[in-house]
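**Student:** Here is how the chains run, residue by residue.
Protein chains: 4
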Amino acid sequence: MRKLLDAAAVEFGEHGFHEASITGITRRAGTALGSFYTYFNSKDEIFRALVDDLSGKVREAARSARQQDLPALETERASLTGFLRFAAEHKEIYRIIDECEFVDPASFRQHYQSTATRIRERLSEGIRKGELREGLGEAHAWAIMGMNVFLGLRYAVWGDAEAEEIAELANSILRDGIVKR
Amino acid sequence: MRKLLDAAAVEFGEHGFHEASITGITRRAGTALGSFYTYFNSKDEIFRALVDDLSGKVREAARSARQQDLPALETERASLTGFLRFAAEHKEIYRIIDECEFVDPASFRQHYQSTATRIRERLSEGIRKGELREGLGEAHAWAIMGMNVFLGLRYAVWGDAEAEEIAELANSILRDGIVKR
Amino acid sequence: MRKLLDAAAVEFGEHGFHEASITGITRRAGTALGSFYTYFNSKDEIFRALVDDLSGKVREAARSARQQDLPALETERASLTGFLRFAAEHKEIYRIIDECEFVDPASFRQHYQSTATRIRERLSEGIRKGELREGLGEAHAWAIMGMNVFLGLRYAVWGDAEAEEIAELANSILRDGIVKR
Amino acid sequence: MRKLLDAAAVEFGEHGFHEASITGITRRAGTALGSFYTYFNSKDEIFRALVDDLSGKVREAARSARQQDLPALETERASLTGFLRFAAEHKEIYRIIDECEFVDPASFRQHYQSTATRIRERLSEGIRKGELREGLGEAHAWAIMGMNVFLGLRYAVWGDAEAEEIAELANSILRDGIVKR
DNA sequence: AATGAATGAGGGTTCATTCAT
DNA sequence: TATGAATGAACCCTCATTCAT
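Quick note, the sequences are listed as chains A, B, C and D, same order.
Position 152 (the first sequence) corresponds to 132 in our numbering; numbering is contiguous.
Position 40 (the second sequence) corresponds to 20 in our numbering; numbering is contiguous.
Position 160 (the third sequence) corresponds to 140 in our numbering; numbering is contiguous.
Position 137 (the fourth sequence) corresponds to 117 in our numbering; numbering is contiguous.
Warning: the hint list may mix true and false statements.
With beta-carbon atoms standing in for the labels, derived distance ranges [stated by the list, open to error]:
#, chain 1, residue 1, chain 2, residue 2, range
1, D, Gln93, A, Glu25, 41 to 51 Å
2, A, Ala86, D, Trp138, 54 to 64 Å
3, C, Lys160, D, Met(-19), 44 to 54 Å
4, B, Glu40, D, Lys(-17), 54 to 64 Å
5, D, Glu25, B, Asp24, 30 to 40 Å
6, A, Asp24, B, Asp24, 20 to 30 Å
7, A, Gln47, C, Thr11, 55 to 65 Å
Here chain A is said to cover these stretches of chain B; the calculated rule only asks that three of the stretch's residues, wherever they fall, bring their Cβ under 8 Å from a Cβ of chain A [as the list claims (entries may be wrong)]:
#, segment
8, 81 to 93
9, 121 to 128
10, 147 to 159
To be clear, the hints were calculated from the coordinates, so they are not data collected in a lab.
Just so you know, these numbers come straight off a predicted model, no measurement behind them.
Glycine included, each C-beta is placed from N, C-alpha and C at the ideal position.
Could you put together the complete structure from these sequences and hints?
**Tutor:** Below is the structure:
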């Protein structure tokens, strides 16, 4: 139920999984305590459902921000911009995904693994098009994901920098590295 | 007290903060339950002390891995290598630092903020020496930290790649970016 | 309503009153949860109705097993045989009657009190016909009922001895006692 | 802990297993709720411990009431007298043992099975001494146990007849049966 | 009459913390 | 300082019952 999922996002984001209470969720959702169990079998279950829901939204936010057939670097820039904007509007996502490591480690890995895979596919496409250098693989995807995630934490969740500026900054590393030429 | 901290590292690493119990810590430490409170005032307090302890160890692991007066990129490479080796031997560190976000958000920010600051200082030094390009600032430090942290999670904690290989790979991004030339 | 009573007999017999659920009853009966309350006002009510129903069946099973104008001992033998056969086919009856003590003590007493009364009436008839000794009263009826109930528990519900053999054995006690002559 | 067991006997006897509450037990015992779990791991566990405790007390009550080397019938009389007196002072025992069927069926069977075995051993001894007729076996033991139990329910728990009178009445059945001679 | 989603009181259990020894 | 039994607040979950459709 949408109302419960949305309430759970707020409750879990605010208190974390263990401090969050079913009562808190249903109060925010405006339903009776018992109604929770009409839709979810346990606190764990709604948490997992929420992670899945948010994971999908993140993916969609990054995906829908880029157009077809952009150059590889522009694709990365657009993805990151989309992600940063989403994170700025859903600041709770970091706490929820992070806590997932403790509540449902499988989903936690799944989330990052599949995100990395998507980045890697984009890298492969860039290589195929001759825009990116050979040899980029899974580890590069993880490195890029790490950059993006931490920039999001620092500048979308904790701070509120312009998404484009942060994205350009990350892009410049991918384009030129950090060495003086 | 050392015994308790070490036991806490294992207990928290294994179960996470909320599932961990004082009983579990004292059992591992071989002390009586009540003795715990001779050294720490609460579960939160030992957790914070532990985060501080580990945070220092991480810093030291990265620091001691690099020699004085290396070129800037080599300094980054050595720091990451040191960090990856430490993470491989203390796989619990990720869970503990991550959960810190929920238990003691201040320490969580503190940990990453100060790590970023150290990276930034190294970047500034590199710029000063004319090895790194102008304009590198806090955000670049966060981007680099994000790369390092995620590579550590994927290849030191979940996998067991050679620290040098991963560090070289990250170094190549900083050196050349990912674009074909 | 019959459907619900039959389903309740199975559900209560299998799980006991407290572990049984209205949902379980309606599922077995093939009706909707809400329909339950068209026929019964509460879980207690259907339980009481069921006890009453079973109590009547037990009485009828014992009554219909004996013919008119049998000698007193033969009447007891036939009653017990009928009861044992009924119990073997309705093993749930013990659990249901027993649990009645907790759910509806009045029905519980009522069941045994009226059973004892029927035995006592048969004893009185036997005395009147000069077949049984004087002085047999309510307590003897309870003693006989106790014998019958426990033999039923042991050999009809838990075991599966021949009803006739058990009935003969009980009859021999009533006929001769247990003393060597 | 004795206090908790005694309190549990009262609480379970009064409310039955399911309606009884741990809070009720600790309130009666005068301890804090949490202390319950220092001694018992669950509501089930204390219930089982209580059944075991009471089962032992019943056995002891019956055993200690008879002297060595009494004639077989006198042994039965004394045992029943002891049991009736115990039941009169511990009226809750019936409800507790009965409910055991639902909470811990194994203990329930165990209780009656071992009681029957003790009666049977006494019967065998009586046969050996030439006082009782041949052929008395397990089923006769169950019949006698059933008599005793039901007489206890009716006259020790629900009523308050003299134990000796009830025991003599039961004895008369074992001695002479119920037939007129 | 039939349906089944919604309701919310109630209780078992955990475990950080205290404190008398 | 060390010990561990005692404490009690807090919370997840169940399920009989209601009621709008």
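**Student:** List in ascending order the numbers of the hints, as given earlier, that are violated by the structure.
**Tutor:** No numbers; nothing is violated.
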